[in-house]
Every structure is written in structure tokens, then in C-alpha cells.
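Peer 1: Residue numbers (full-length UniProt numbering), protein chains in the order written: chain Z, 1 to 458; chain F, 1 to 458; chain H, 1 to 458; chain Y, 1 to 458.
There's no promise every hint is true.
Since the list gives no way to pick one copy over another, a pair counts as held whenever it fits inside one copy or between any two copies.
Claimed, not checked - Pairs of lysine-lysine, BS3-like flavour, derived with a Cα cap of 30 Å:
1. Lys67 / Lys329
2. Lys429 / Lys26
3. Lys34 / Lys284
4. Lys207 / Lys418
5. Lys164 / Lys450
6. Lys211 / Lys34
7. Lys284 / Lys223
8. Lys418 / Lys302
9. Lys441 / Lys329
10. Lys34 / Lys304
11. Lys302 / Lys450
12. Lys223 / Lys302
13. Lys295 / Lys429
14. Lys223 / Lys441
15. Lys164 / Lys441
16. Lys34 / Lys429
17. Lys211 / Lys164
18. Lys418 / Lys137
19. Lys441 / Lys67
20. Lys207 / Lys137
21. Lys453 / Lys67
22. Lys137 / Lys211
23. Lys67 / Lys211
24. Lys179 / Lys329
Just so you know, these hints were derived from the structure itself, not from any lab. Since this is a predicted model, take the numbers as computed values, not measurements.
Protein chains: 4
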Amino acid sequence: MTKGLKIATIGGGSSYTPELMEGFIKRYEELPIKEIWLVDVEAGREKQEIVGAMAQRMWDASPYDVKVYTTLNREEALKDADFVTTQFRVGQLNARIKDERIPFSYGLLGQETNGAGGMFKAFRTIPVILDVVEDMKRLCPNAWLINFANPSGMVTEAVLRYGKWDRVIGLCNVPVMAKMTEAIMLDSPAEDLIYKFAGINHFHWHKVADKEGNDVTPQIIDKLYLEDNGLPKNIHGVPFYREQLDQMNMIPCGYHQYYYRAEEMLAHGLEDYATVGTRAEQVKALEHELFELYKDPALNYKPKQLEERGGAYYSDAACETIASIYANKNTEIVVSTRNDGAVPDLPADCAVEVTAYLGSQGARNVAFGPLPTAERGWLQVMKAMELLTIEAAVTGNYALALQAFTINPLIPSGATAKRVMDELFIAHKAYLPQFAEIIAKLEAEGISIKDEKVQELM
Amino acid sequence: MTKGLKIATIGGGSSYTPELMEGFIKRYEELPIKEIWLVDVEAGREKQEIVGAMAQRMWDASPYDVKVYTTLNREEALKDADFVTTQFRVGQLNARIKDERIPFSYGLLGQETNGAGGMFKAFRTIPVILDVVEDMKRLCPNAWLINFANPSGMVTEAVLRYGKWDRVIGLCNVPVMAKMTEAIMLDSPAEDLIYKFAGINHFHWHKVADKEGNDVTPQIIDKLYLEDNGLPKNIHGVPFYREQLDQMNMIPCGYHQYYYRAEEMLAHGLEDYATVGTRAEQVKALEHELFELYKDPALNYKPKQLEERGGAYYSDAACETIASIYANKNTEIVVSTRNDGAVPDLPADCAVEVTAYLGSQGARNVAFGPLPTAERGWLQVMKAMELLTIEAAVTGNYALALQAFTINPLIPSGATAKRVMDELFIAHKAYLPQFAEIIAKLEAEGISIKDEKVQELM
Amino acid sequence: MTKGLKIATIGGGSSYTPELMEGFIKRYEELPIKEIWLVDVEAGREKQEIVGAMAQRMWDASPYDVKVYTTLNREEALKDADFVTTQFRVGQLNARIKDERIPFSYGLLGQETNGAGGMFKAFRTIPVILDVVEDMKRLCPNAWLINFANPSGMVTEAVLRYGKWDRVIGLCNVPVMAKMTEAIMLDSPAEDLIYKFAGINHFHWHKVADKEGNDVTPQIIDKLYLEDNGLPKNIHGVPFYREQLDQMNMIPCGYHQYYYRAEEMLAHGLEDYATVGTRAEQVKALEHELFELYKDPALNYKPKQLEERGGAYYSDAACETIASIYANKNTEIVVSTRNDGAVPDLPADCAVEVTAYLGSQGARNVAFGPLPTAERGWLQVMKAMELLTIEAAVTGNYALALQAFTINPLIPSGATAKRVMDELFIAHKAYLPQFAEIIAKLEAEGISIKDEKVQELM
Amino acid sequence: MTKGLKIATIGGGSSYTPELMEGFIKRYEELPIKEIWLVDVEAGREKQEIVGAMAQRMWDASPYDVKVYTTLNREEALKDADFVTTQFRVGQLNARIKDERIPFSYGLLGQETNGAGGMFKAFRTIPVILDVVEDMKRLCPNAWLINFANPSGMVTEAVLRYGKWDRVIGLCNVPVMAKMTEAIMLDSPAEDLIYKFAGINHFHWHKVADKEGNDVTPQIIDKLYLEDNGLPKNIHGVPFYREQLDQMNMIPCGYHQYYYRAEEMLAHGLEDYATVGTRAEQVKALEHELFELYKDPALNYKPKQLEERGGAYYSDAACETIASIYANKNTEIVVSTRNDGAVPDLPADCAVEVTAYLGSQGARNVAFGPLPTAERGWLQVMKAMELLTIEAAVTGNYALALQAFTINPLIPSGATAKRVMDELFIAHKAYLPQFAEIIAKLEAEGISIKDEKVQELM
């Protein structure tokens with residue numbers, strides 16, 4: 001890795017690409033990139049061209065000589081790459097709209113990475129990532145795969161378990177956001193706080209200490225319940241029940257609200273569904289605006305509006321991960337990685353999301369120790385759900401998919417859940433070749449999509 | 001144990017007592033009982049006197065000289081007992097009515113041993129059983145505790161973990177019923193079928209082979225889905241999804257319908273709630289009739305109507321367990337017992353419900369081996385829920401109760417669940433001294449019971 | 001299995017064959033055998049002919065019409081067999097002599113199934129048993145493999161792990177002998193004692209209770225240390241240290257003397273080595289006598305002298321196992337089988353030796369629960385040693401063999417151990433094709449055999 | 001901890017104290033110490049006075065105003081301490097001489113921290129450290145205990161398990177030395193190498209990568225076997241068998257030579273025993289010289305000769321640990337600490353020795369993941385041996401001690417081992433009050449010490 005580095009970014013047409021560029025530019029001195037290859041599928045070609053041009057403008061405005069390539073040929077992009085980042089979305093935002101609207105149309109939660117939607121995102125994404133891994137084995141066998149395609153944890157698990165590829169790091173911005181927020185709450189420099197995270201992607205807890213070693217988790221819990229905690233209002237104003245946080249003395253992650261307050265989060269989602277539209281629909285509008293901005297040949301920096309897109313700091317985490325691996329920086333980052341015992345309540349060979357020190361050998365996980373009873377049980381059933389979802393994604397086995405649906409804590413089992421699952425299969429037919437046979441059977445049974453907006457997208 | 005045996009039955013006023021007598025009479029030759037002591041609390045005095053007199057008539061009609069005593073003094077009953085059976089219901093059927101109606105009044109499942117109701121039954125029952133165990137340590141330290149007070153699995157776990165009492169067997173009639181039913185389905189003598197059960201009480205699966213060693217689980221699954229399978233219609237006509245049963249190649253237990261088909265089971269329960277009343281209300285009527293029958297001084301045998309009561313064969317299982325321990329018969333029975341590795345997906349020291357051979361040393365569990373992924377995850381979260389419930393029952397910790405509610409797969413988390421929990425605390429105030437402080441606080445907050453029938457019972 | 005059964009016995013020329021016949025004759029009414037096929041290799045042809053003729057005489061003297069075939073063609077023997085028993089010894093007794101004499105010639109323990117000798121026996125035997133399993137997959141896929149080729153535990157582990165064959169039971173007479181001996185000690189009918197065994201082959205412990213359920217393990221320990229305990233003198237007069245037995249409150253197995261009293265057992269073995277010769281040499285003489293007897297055309301029953309051979313009741317255990325599987329008798333036998341959690345200190349998927357109920361589905365292991373600290377640790381390192389030995393046997397990897405030697409508690413690590421290993425490789429060259437390359441290298445290095453009697457056998 | 005810090009050093013009279021002072025002086029800017037309290041027992045008073053005066057001279061020669069106190073009153077020393085370091089040796093070097101000579105006098109290994117000697121050192125040390133912990137609970141409940149009293153791993157385990165004290169770090173210089181040595185071998189700056197250690201104290205393995213992330217473990221193995229590897233000759237010229245190191249692709253620790261080459265290490269020890277005397281005897285002479293030097297009122301720096309003492313860098317590791325905890329430096333150090341899953345082959349709640357990041361919350365262990373089969377098994381039996389030794393140390397149970405002796409891989413079981421154990425009990429009578437009863441019994445049996453030099457020390 002002494003020469004200038006080659007980065008390949010799969011899903012190059014993503015609106016996040018400028019943030020990724022910003023991260024790379026900021027770290028150029030420690031991460032001497034030479035070429036960045038954006039690669040996307042035909043459906044993303046136009047967006048990739050827009051964002052590719054903008055990316056090149058960003059580098060041109062920097063002191064550094066880096067060339068941004070755009071291509072639809074994945075092999076060309078991967079050939080001899082040093083790092084491969086994945087930020088693709090199989091089926092684009094329309095697929096996400098289906099993941100959200102179909103469950104909501106039956107009164108179930110529709111969400112990108114949790115519940116039924118997250119499972120179908122896994123069904124679509126995992127076969128593609130495993131293809132990418134096979135390509136990497138041939139074309140860039142020493143490269144690292146830095147994944148932020150969602151559901152990031154299941155994708156990492158699939159890469160480790162079925163791809164048999166160890167050089168993978170899964171990223172998420174949730175821990176980044178938690179750390180930033182809590183530093184504000186405690187009025188402390190972020191770097192003075194000591195963190196330990198444990199769990200799986202979008203389902204983890206953490207503990208915090210100050211630089212004197214005092215556990216300040218209770219103070220953060222206090223602040224969470226203050227009217228005026230110096231923060232923007234808590235998401236949807238649904239804090240966790242304080243008794244539970246006090247009892248576990250850990251901070252759950254934001255997505256945990258779907259689990260600890262399922263009723264309210266569902267009600268909120270249904271309200272949006274009935275009025276402003278689901279998150280994907282909102283994001284779609286935002287993305288459209290973003291790409292209009294990106295077209296501006298004068299724009300050579302990341303526009304402010306990108307932050308509204310959600311997922312902020314995602315790309316920064318990715319750039320820091322890459323820099324830390326490349327330059328053996330040993331930065332502490334929360335990542336999805338092989339457990340190796342860090343969360344002893346889960347098997348040592350599965351993927352977890354934990355605090356880790358990242359260096360040229362990858363992640364060195366910080367051992368968290370056993371979780372309290374409630375969190376242990378919940379984590380174990382969630383990991384089982386993930387493993388079933390992944391196995392279904394790989395094998396195209398309908399029964400495994402149904403088993404995963406059934407044990408998912410966010411999906412009440414029964415006919416409605418099965419109907420939602422069947423409609424999702426049909427809605428995503430184009431991206432689920434492994435389930436072709438079952439989908440044909442469902443179509444033959446005359447199962448049709450209820451949600452009208454989804455019908456329009458078919 | 002060479003002399004005639006003394007049996008103490010706690011909850012002697014139960015309508016099941018005649019079935020117990022029948023079981024003892026049938027086995028007298030191998031189980032030479034001399035005295036049976038029925039003991040109950042003041043609220044059960046009248047019923048106990050009725051059923052005690054009837055029990056004595058049953059023995060008098062037999063060739064055996066056995067004396068049935070009734071008492072309200074537990075110490076007197078336990079003193080030097082050889083076997084202690086527990087079939088008490090703290091708070092009688094009215095408590096069960098509350099466990100069922102309060103959740104239903106908010107659209108949640110109200111059930112005796114599952115969901116919110118089962119947890120409150122545990123809150124009421126566990127302190128009492130632990131008191132019984134303390135008495136046994138003093139008064140009959142070599143006796144066996146044969147429990148069929150529900151929730152039978154949690155009670156067994158509490159006796160092992162907090163009571164530190166190993167000589168306990170938890171019983172349930174669900175496996176007995178499954179075996180009888182499946183023998184009919186397969187048109188096979190029951191004793192020719194080979195069974196392996198694994199799980200926890202009311203949450204277990206089993207596999208079946210014929211006497212040639214062939215796995216006949218698939219044939220049973222086939223029969224389950226036949227219109228004419230030689231059986232009374234499946235409970236509420238809600239069979240499991242066939243894909244799941246084929247995939248796991250195990251038979252779930254009847255209570256699993258609440259988990260695999262939560263939606264339909266809830267809908268059915270709500271319908272009953274709105275019309276004929278919940279199960280406890282129906283049972284209360286049945287019990288009233290039964291006790292009217294029991295009063296008949298001519299009745300000296302178990303009346304047919306008892307079978308409608310539910311829980312048939314419960315007592316028979318108990319009698320066979322006692323006989324098998326006493327005479328070292330090594331009968332194969334499915335029991336709640338210390339795991340010892342039989343279900344390797346759960347800790348070796350927790351209670352499980354498995355196939356076991358019962359002899360004078362107690363249960364010798366048959367090792368089942370690892371469960372499939374879905375069942376493993378689900379079982380692990382259920383055991384976590386049980387452990388939290390028991391710890392809450394022992395400590396009176398509200399937050400642990402809330403944690404248990406939150407991870408219970410049958411309870412959607414959020415404000416409704418919390419409200420249901422709070423109302424249940426208030427409704428059961430008389431039987432939850434360990435939670436006195438929290439209940440006082442809830443009352444001070446003005447939380448009142450919504451369901452009118454429950455209000456009448458207060 | 002409704003027709004008359006076909007039994008195939010690999011290693012048919014073994015001197016144990018008459019005992020096997022006796023066992024089958026005794027059980028004919030429940031185990032209706034039609035054909036017994038003895039199969040052996042060319043080197044065993046003569047012995048097989050002698051013992052085959054004698055076996056036929058035994059059946060002819062019985063009321064049953066069973067035909068005994070002898071063949072050198074394994075395929076012919078296995079074709080459509082219902083049960084396959086394995087009692088072969090790769091390299092015959094001369095191989096065992098080498099296993100014993102070479103370690104002793106360097107002052108290390110030489111023993112058939114423990115230490116260096118047991119490991120080389122595994123290296124020779126495992127490839128053959130895996131070949132047998134491959135044949136069975138083609139020729140008799142529904143048959144059961146009843147193994148008593150030593151080292152029986154490692155052979156069972158290899159069949160499960162590398163052969164991927166579940167229908168296997170490993171047998172040993174050590175538990176049988178322990179039960180018989182202890183019944184005499186306690187002056188109790190054997191069937192009145194309740195046993196629980198846990199461990200691995202030749203490395204297990206057990207607990208005993210009487211029919212009233214009282215733990216009588218302490219009484220057995222007492223008797224073990226009595227001068228006059230009604231038994232023949234303890235093997236070599238080396239009882240275990242009483243403090244240890246009292247502390248663990250379990251009875252170790254006979255082979256455990258090599259581990260708990262390594263010094264004395266080694267000294268005893270060295271004395272024999274220097275005087276009367278090792279056990280294999282003694283057995284060889286015994287076997288010669290036995291075969292002389294077997295030649296007598298008038299002999300049609302198992303001769304008394306066979307009992308001196310050692311391994312008595314081995315074949316009876318095998319016959320009972322077969323009968324119990326065939327007739328679903330549910331007999332309680334101690335067998336080597338897949339753990340499934342019965343010994344929770346070892347992985348659920350490895351082979352263990354435990355109390356089990358044998359029926360047409362195979363072994364239903366009795367869960368033993370966790371072992372005490374010392375026994376847990378020792379069992380774990382022994383299982384690791386077994387797994388390494390088996391992997392070396394399968395792969396021909398010298399380093400794995402050295403690792404296994406190094407962690408074996410009976411082998412002090414260092415140059416002498418390595419020399420012993422190297423000489424054993426050379427001595428067994430003809431039966432270790434998987435190690436051909438390493439053996440050629442050792443020969444090229446000029447390593448030669450020190451023991452003169454072994455030299456003569458080369 | 002904002003004020004000047006108070007350090008209490010138990011075993012203040014140790015010859016290591018000057019090294020400790022040097023480490024503190026070097027780090028004063030980040031570790032603002034105000035008072036250092038040396039505390040020792042009466043037998044160490046003179047040495048403590050000598051070394052205390054010298055320590056004060058070292059500070060006086062520094063720019064810092066730190067006062068060194070000497071006392072025999074432990075309470076005074078501990079009162080309000082911020083850090084407590086423990087470097088005491090119960091029974092002084094004479095006890096170590098006994099630990100070494102008694103086993104050697106019977107042909108067994110006599111070593112300070114391994115085999116019989118290490119176990120008796122644990123028997124003497126653990127009750128004292130648990131007393132210290134009890135004092136700390138009263139006198140300095142927020143202090144950290146930094147232990148380098150040997151056997152450091154067992155001491156840490158005892159503090160965690162029986163002392164119920166979490167604020168403990170166990171230290172050892174073996175990993176420090178390995179890192180320094182390997183940096184020289186690879187001609188690489190030490191800070192460019194990436195390490196992962198796993199195991200328990202004096203029984204761990206590690207892997208090394210370079211700053212590009214390449215595994216350089218194989219290169220280190222290569223260098224270990226080079227004649228000219230830039231290092232002083234390997235200890236006693238007994239390298240590990242190369243096949244094993246290549247196979248495991250890990251570097252064992254120096255003490256592992258006792259296990260992988262038991263024969264040669266024993267022979268070497270016996271030779272020293274017969275000629276120059278054991279290590280303790282050599283160290284005793286060295287210490288005498290050191291204290292003569294320390295008496296020199298002009299000496300105000302650590303003398304060179306201290307390095308020959310062995311244990312170099314021990315104190316530096318301790319000072320860095322303290323500084324890293326105090327200033328939340330997050331230094332990577334290999335420490336004994338609660339596992340928390342870092343070594344998933346051992347229980348999460350036991351002590352392990354692993355790579356950790358040390359900060360104000362203590363150790364954040366780096367998860368190592370599962371070990372290979374051989375190392376897993378060996379580590380499990382060693383941990384069992386430790387747990388038994390500790391339990392025996394706490395309870396004074398002779399049978400547990402015998403169990404620990406029996407499973408210790410360095411002690412061949414049998415009469416000699418038991419005799420060695422019995423003599424050690426008698427020899428250390430003054431420091432083993434918990435075993436008083438058993439020792440009296442042994443004395444009554446007339447067991448006497450064979451080794452003459454030990455007799456002289458009695």
C-alpha cells in the first residue's frame with residue numbers, strides 16, 4: 001500500500017458520495033488516495049454522473065491531485081482496489097418506499113432496517129454483497145470491504161459467514177451521533193468520555209465514563225429526561241421509560257425506541273404514512289433537491305442540505321475507518337465485526353457491533369462482558385432473527401423467512417404478518433431472484449398489493 | 001419411606017383433588033399411602049371441606065384404608081410428609097379473572113400462564129411457594145415437592161434458584177395431552193412412540209419416532225392439517241403455518257399458538273372477552289357446578305364433568321410422578337426440572353421442561369441437543385423473561401417487572417402495556433406484599449381499573 | 001427390519017467372536033438374526049476361519065437356524081446389513097506390542113488406549129473406520145454401526161465428526177464391570193442401583209444411588225478402601241487417594257488410575273516390561289491358546305478361558321445394544337455417543353461416554369450436569385487431545401500429532417516424547433499411509449527403533 | 001484525584017522499590033505524586049529502611065517534592081491511598097527456596113510460579129491479599145490495586161472472585177520482555193508492531209502484525225530458530241519445537257517452555273539444584289549485594305545491577321499502568337484482568353491475561369477470539385488448576401490442594417507428588433494458618449523434610 005491508493009465505491013451514485021469525498025479530502029495527508037472509482041448499476045447511472053462530476057470538482061478545489069472515475073463495470077472498479085466501500089441500495093429509494101408502505105398498509109411498522117422492511121432489505125442486499133465479495137477474491141484479494149449498505153449488521157454477518165471474507169468492517173452513524181449528543185449533554189469534550197458499546201447493529205447499548213473513570217451513565221439518563229437538555233427534542237418525543245434505563249444503567253440506541261416503545265413508534269409511523277408519507281418518500285424529495293444542487297457546476301463542497309438527509313457522519317466514520325486501517329491509527333470506533341468474545345452472550349463467530357480499536361489488522365474489539373438478563377435475552381432472539389433472515393436471503397427458503405418474521409419482536413405473528421411478507425415478496429420480485437419460485441407461486445395465488453402508492457411503483 | 005406414606009396437598013380445596021385421589025387409588029399397590037393432608041387458606045376452607053369429604057368417600061369406596069385430613073394449618077400438614085403436592089391458586093379464580101380481563105380491556109392478550117397474566121400469576125405464586133419450601137426445610141426435609149401450581153416452569157425455577165431446593169418436579173398436562181392425541185392420529189399405541197421434548201413450560205417442542213426408529217414427526221404434521229384427522233377440531237381452528245412446522249420438523253406445544261399466531265389468538269380472546277367472558281369466568285361457572293356435585297354425599301368417584309374443567313390428566317401425571325419416585329419406576333415423563341445440559345441452548349442451572357426418566361433420585365433428563373436457530377432464539381428470550389419475572393417476584397422491583405413485560409413476545413411494549421401492568425398491580429394488591437410500596441405509589445397517582453367486572457371484584 | 005437380520009462383523013477373526021455369538025444366541029427371541037457375516041483382512045484369514053467354524057458350531061448347537069459366513073470381501077459382508085459391529089485391530093496384536101514396548105523402552109507409559117499407544121492406535125484405526133462408513137453409505141445406509149474397536153471414544157468421535165454418520169454407538173466394558181463390581185461391594189442386586197456416568201471413553205466418572213434414592217457413592221468409596229471388600233484385589237493394588245474421591249464424591253473409572261496415580265502405574269508397567277512382557281505380549285499368548293481351543297471341532301460353546309482375555313462383557317454389551325435398538329427395549333447402557341448437552345462442560349456436538357437409554361432411535365443420553373472444577377478441566381484437555389489426535393489421523397499432519405502428544409497428561413513433553421513418537425511412526429509405517437511422507441523423512445534422518453523385540457517384529 | 005496522589009506499596013522492602021521510584025520520577029509530570037508509603041512486615045523492616053532511604057534520595061535528586069514514608073502499619077499506609085501496589089513475598093526468599101528445593105529434592109520441577117512451588121506461593125499469598133482488600137474497602141475504597149505479587153494471575157483471580165474487588169490490575173513483565181525482544185528480532189520500532197495476547201499469567205500466547213497489517217508471527221518464529229538472531233541466546237537453549245509454533249502460528253510465552261519441553265526444563269533445573277543452587281538461592285545472593293549498594297548514602301539512582309535480578313520492567317509496567325489509569329492515557333498493556341469474553345474459551349468472569357487498553361475505568365480488554373484446539377484444552381485445564389488452588393488457599397481444604405496438584409501438567413501424579421506437597425505444607429507452616437489442622441496431622445504422621453538446605457531454613 002505504498003503507492004497512491006485506489007478506492008472503489010459501490011453505489012457511487014449515492015447522495016452521500018460528497019460527504020465521503022469531504023472525509024477523504026480532510027484526511028488526505030494520512031490517506032494518500034490516487035484514484036476513486038464510483039460504480040453503480042444502470043438505474044443509478046445518471047445520479048452517478050452528476051455526483052461523480054461534483055466529486056471531481058471537490059478534489060479539484062482541494063490541493064490534491066485525485067482522479068474520480070465513474071463506471072458501470074464493477075470489475076473495472078474493483079481491480080486492484082485498496083479499499084472497497086459499499087453504499088448501494090438495491091432497488092433505489094423506491095424499494096425502501098415499498099418496505100415502509102406495505103407493512104404500514106396493514107398496520108405494521110414499516111421501517112428501513114427494522115421489522116419487515118429491514119428483513120426485505122437484507123433479502124435484496126445480501127446476494128449482491130456476496131457477489132461483490134466473490135469479485136474481490138479475484139480482483140483485489142488484499143482490499144478491505146468497508147460496508148455501510150444497510151442493514152449493516154446483517155450484511156457484515158453475511159460477508160463473514162457465507163462470504164468467508166474477514167477483511168470487512170460494517171459501519172453505522174448511530175454510535176457517532178450518540179457520542180456527539182452526549183458530549184453536549186454533559187458539556188464535556190467528546191474525547192474525554194470513555195465508551196463501551198455492545199450489541200448488534202441498530203440494537204446496542206452503551207455505558208459512559210468520564211476521564212476520571214466515574215460512571216456518568218446515570219447523568220446522561222438524567223439529562224435525557226430534562227426538558228432543557230441542550231439538545232433538539234428527542235426523536236418523536238418518545239423517551240424510554242426511565243425505570244428501565246435506571247435499572248440497566250446503560251443507554252440504548254435510538255432504534256431501540258422501536259422495541260422499548262413499540263406502540264408509540266408504530267402510531268407515529270402510521271400517522272406519517274397517513275399524512276406526509278413515510279421516511280423514504282421524504283428522503284426521495286430531499287434527494288431530488290440534493291441532486292439538483294449537485295448539478296450546479298459551481299458547487300465544489302458538500303452542501304449543508306445533505307445533513308437533513310439523515311445518516312450524517314456515516315461517511316466520516318467510513319473515512320476515519322479507512323484512514324485508521326491504512327495508517328494503523330488505532331482510532332476507537334464502534335463497528336460491526338466478528339464478535340471474538342467481546343459480547344460473550346453471543347457466539348464468538350457471529351457479527352456484533354462493539355467499540356473497537358481500528359488499525360492495519362482491522363478491528364480489535366473491546367470485550368464488554370455479559371449483558372443484564374433482559375438485554376441478553378433480547379439480543380439473543382434478535383441475532384437468531386438475523387441469522388434466519390440471512391440464511392433465507394442466501395437460500396431463498398420461504399419457511400426460514402417466515403420463521404424470521406415470526407420471532408422478530410416488531411412483527412406480531414399471524415395472517416397479517418404473512419400477508420405483508422407475501423406482498424413484499426411480490427413487490428420486490430425484480431430484486432429477489434433467489435425467491436423466484438416462491439414469488440411465482442404467490443402471484444399464481446393471486447396475491448396483490450394493497451397500498452396504492454406501491455402499486456404505482458410496480 | 002417403608003411406612004405408609006403421608007401426602008400433603010397445598011391448595012387442597014381445588015376442584016382437581018378428586019382426580020388426584022383417583023390417581024392415588026389406581027396406584028395404591030405400588031404407592032402405599034396412609035394419610036393425605038389437604039391444606040388451604042381461609043378463603044378456600046369451604047371448598048376444601050366439600051372436596052375433602054368427597055375425597056374420603058372415594059377412599060372409603062376403595063379397598064384401601066387411607067385417611068384424608070383437612071386443615072388450614074400448613075405446618076401440621078407438612079410435618080413429616082413424604083410428598084408435597086402444590087395446586088394452589090393465590091387469590092382463587094377471581095385473581096385469574098383479573099389477569100385475563102385487565103389485559104383484554106386494553107386490547108392485549110389476557111391469559112392464565114402467558115403474557116401479562118402469567119407474569120402476575122408468577123408474582124403472586126412465587127413468594128408463597130418459597131415460603132412452603134422454607135417450611136419444608138424444617139418440617140419434612142426429605143420430602144419431594146411435586147408442583148402443579150402455575151406458571152409451573154417459573155415456580156420450579158424459583159424453587160431451584162431462590163429456594164435452593166433440589167427435590168422438586170414441575171408438572172404440566174400439555175405433554176400428556178400431546179402424546180395421547182398423536183397416538184390417536186397415528187393410530188398407534190402410545191407406548192410405541194418415542195418422544196423427545198425440549199423447552200420450558202408451555203413453550204416446548206417435541207419430536208416423535210415410531211418403534212422402528214423412524215421419525216414420524218412429518219406424519220404428525222401431515223395429520224395436523226387433515227380435515228379428518230380423527231381428532232376434535234384443533235383449538236380455535238388456528239393451526240400453525242405448515243411451512244414452519246415442516247421447516248423445523250418439530251411439533252410445537254398447544255400454547256405456542258399464542259406465539260406463532262399471536263394475531264388470531266388475540267382476536268379470539270377479545271371476542272370471548274366481549275361476549276361469553278374469559279376462560280376464568282367460564283371455569284368459575286364450571287367449578288361452581290363441580291362443587292355442587294361434590295356436595296352430593298352419594299358421589300364417591302370422579303365425576304365426568306371434571307374433564308371439561310381443563311387440566312385433565314394433570315393429577316394423573318402427578319400421581320405417576322410420585323409413584324415413580326417412590327418405587328423407582330423410571331417412568332418416562334415430561335417434567336420441569338434443572339436443565340443439567342439437556343437443552344444446551346440454555347444455562348445448565350436453569351429450569352427446563354424435557355423428557356425425563358423419573359426414579360427415586362428424581363429426574364434423569366434426556367439430552368435433546370441444540371435447537372434450530374429460530375427456536376433457540378425464542379427460547380432464550382423467553383427464559384430471560386422468566387428470570388426477570390421471578391427476580392421481580394422475589395425482590396418487588398418494579399423496573400424488573402417492566403423489563404420482563406417489555407421483552408415478553410406477547411406484549412407490545414409502550415404505554416398500554418405499562419398501564420395494563422399498573423392496573424394489574426393495583427388489582428392484585430392483596431396478594432403482592434412485596435410490591436406494596438410501588439402499589440401505594442400507583443394508587444397515589446390515581447391509577448384506576450378500567451374493566452367494570454374487575455372493578456366489581458375489588 | 002421385519003425379515004431375519006443380517007449382522008456384519010468387521011474384524012471377524014477376533015477371539016471375541018464366540019462371546020458375540022453367545023450374546024446373540026441368548027437374545028435370539030428378541031433379535032431374530034438370519035445371517036452373520038464375519039469379515040477380516042488377509043492377515044486375519046486363518047483366525048477367522050477357525051473362529052467362523054466355531055461360531056457356526058455354536059449356532060448349530062442352539063435351537064436357531066443362523067448361518068455364519070466368513071469372507072475377506074468387506075463389500076459382500078456389508079451389503080444390506082442391518083447392524084455392523086467393528087472389533088478389528090489394525091496390525092493385529094503385533095501393533096499393540098509396538099504401542100506398548102516403544103514408550104516403555106524410553107521410560108514412558110506404553111498402554112493400549114492411553115498415552116502414546118492409544119494415540120497411535122487411533123492413527124491406524126480411524127482411517128479404516130472412515131472407509132467402513134463410506135462403504136456403509138453405499139451398501140447399507142440404514143444400518144447401525146456398533147463399534148468396539150479401540151480407542152472406542154475417538155473412533156466414535158471420528159465417525160460423527162468426519163464420517164458424518166449419526167447411526168453409531170461406541171461400546172466399552174469398563175462401565176459394565178464397574179456396575180457388576182459395585183453391586184457385589186454393596187451386596188445389592190445390580191438392577192437396584194441407579195447410575196449416572198459422564199466423561200469420555202476410558203476417562204469418565206460416575207455416581208450411584210440406591211433404589212430409595214440415597215446417594216451410595218460414599219459407601220462405595222468406603223468399600224474401595226476396605227481390605228476385605230468382597231472383591232478380587234484392586235488392580236495393581238493402587239487405589240485412588242481417598243481424599244480425592246471423598247472430595248469429588250464420584251467414582252473414577254479404572255483407567256483413571258493412569259491419571260490419578262501416574263507414577264505408580266508407570267512403575268508397574270516398566271516392571272512388567274522388564275520381566276514378563278507387556279500386556280499385549282501376555283494377550284498374544286492367551287490368544288494363541290484360545291485359538292488352539294477354538295480349533296477343537298467338539299467345542300461349540302464359549303470357553304471359560306476367554307474371560308482371562310480381558311474385555312469380558314464387551315460383546316454382551318454389544319449384543320444388548322443391538323437388541324435394544326432393534327426391539328426398542330430402552331435398556332440403560334453406558335455408551336459413546338454425541339453429547340447433545342449431557343456433559344455441558346464439553347461442546348454439544350462432540351462424542352462423550354454417558355449413561356443412555358438405547359432404543360430404535362439410538363441413544364437418549366441422560367444429562368449429567370456440570371462436573372466439579374478439577375474433572376471439568378481435565379476432561380476438557382483430554383477432549384482437546386482426542387480432537388487433535390483425530391485430526392492428525394485424518395490429515396496426516398505431524399505437527400498436530402506433536403501437539404496432541406504434548407498436551408496428553410500421560411506424556412511428559414520434550415525430546416524423549418518426540419523420539420517415542422518418531423519411532424512409533426516408523427514402527428507402524430505399514431498402517432499409516434496418511435503419514436507416509438513424514439515417515440519417509442524420519443527414516444531418511446536415520447531414526448531407528450531401540451527396543452529389540454520391536455525390531456524383531458519389523 | 002485532583003490533589004497530589006498517595007501511593008501505598010505493600011512489600012515496600014522489596015529490592016524492586018528503586019525501579020518503581022524511577023518509573024514514578026519519569027512520569028511525574030503526568031502522575032503528580034505527593035506521598036509514597038512503603039509498608040512491610042517486621043521481617044522486612046531492615047530492608048525497607050534501607051530501600052526507603054534510598055527511595056527518598058532518588059526523589060531528592062529529582063526536581064520533585066515527594067515524601068517517602070516507611071511503616072510497619074498497613075492501615076496507616078492504606079488510609080486514603082489512591083493507588084496500592086503489592087510486591088510482597090510472604091516468607092521472603094527463604095520461602096521461595098523451599099518452593100524450589102523441595103520439589104527438586106524428589107526429582108520434580110521446583111519453580112517460583114509454576115508447578116508445586118507456584119501453588120504454594122498462591123497458598124501463602126492469597127490470604128494476605130484478601131486481607132489487604134478488606135482493609136482497602138475500609139480505608140481507601142476508591143483506590144486501585146496494582147498487583148505484581150506472584151503468582152500474579154491467581155492473585156488477580158482471588159481478588160476478583162473472593163475479594164469481590166473489581167479495581168485490580170495484575171502485572172507481569174513477560175509480555176513487556178517479549179515485545180522488546182521481538183522488536184529487536186524484526187528490527188522494527190516496538191510501537192510499530194501490533195500485538196494480541198491471550199491466556200493466563202505465565203501461560204499465554206500472542207500474535208504479531210506489522211504496521212501494514214501483515215501477520216509477522218511467522219517471521220518471529222523464523223528468527224527464533226536462527227543461530228544469529230541478534231539476541232542473547234534463548235533461555236537454556238531450549239527452543240520450542242518448530243513444528244508446533246508453525247502449526248499454531250502464535251508465540252508462546254517464556255514460561256511455556258516448562259510445558260512444551262518439560263523434560264529438558266526439569267533436567268536443567270535439577271542440574272542447577274545439584275550444583276549452583278536454585279534460582280532463589282542465586283537471587284538471594286544478588287539481593288544481598290543490591291542491599292549493600294542501596295546502603296550507600298551517595299546512591300540516588302537505580303543501580304545497573306538491579307537488572308540482573310530478573311523481573312526488569314515489571315515496575316515500569318506498574319508505573320505506566322498507574323499513569324494510564326490516573327491520566328486516562330489508554331496505553332496498551334498486557335494485564336491480568338476479568339476476562340469479560342476476551343478469551344471466549346474461558347468463563348467470562350474469570351481472570352485472564354490479555355492485551356488491554358488501560359484508562360481511568362481500568363482495563364478494556366481486546367477480544368482475542370477462540371484459541372486453537374490444543375491451546376484451548378491446555379488453557380482450560382490450567383484455569384481449573386488455578387481455581388482449585390485458589391479455593392484451597394481460601395478454604396484450607398487439603399483434598400482440593402491434592403486435586404490441583406494432580407491436574408497440574410507439570411506434576412506427575414502419585415506418591416512422590418503427594419510427598420512433595422506434604423513436605424511443602426510442613427515447610428511453610430508459619431505462613432499457612434488456614435491449613436493448620438492438616439499440617440498438624442502431617443507432623444503427627446512424622447513427615448519430615450528431606451532436603452538438607454531446607455532443613456536448615458526451618
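Peer 1: Out of the numbered hints, which ones does the structure contradict?
Peer 2: 2, 3, 5, 7, 8, 9, 11, 12, 13, 15, 16, 18, 19, 21
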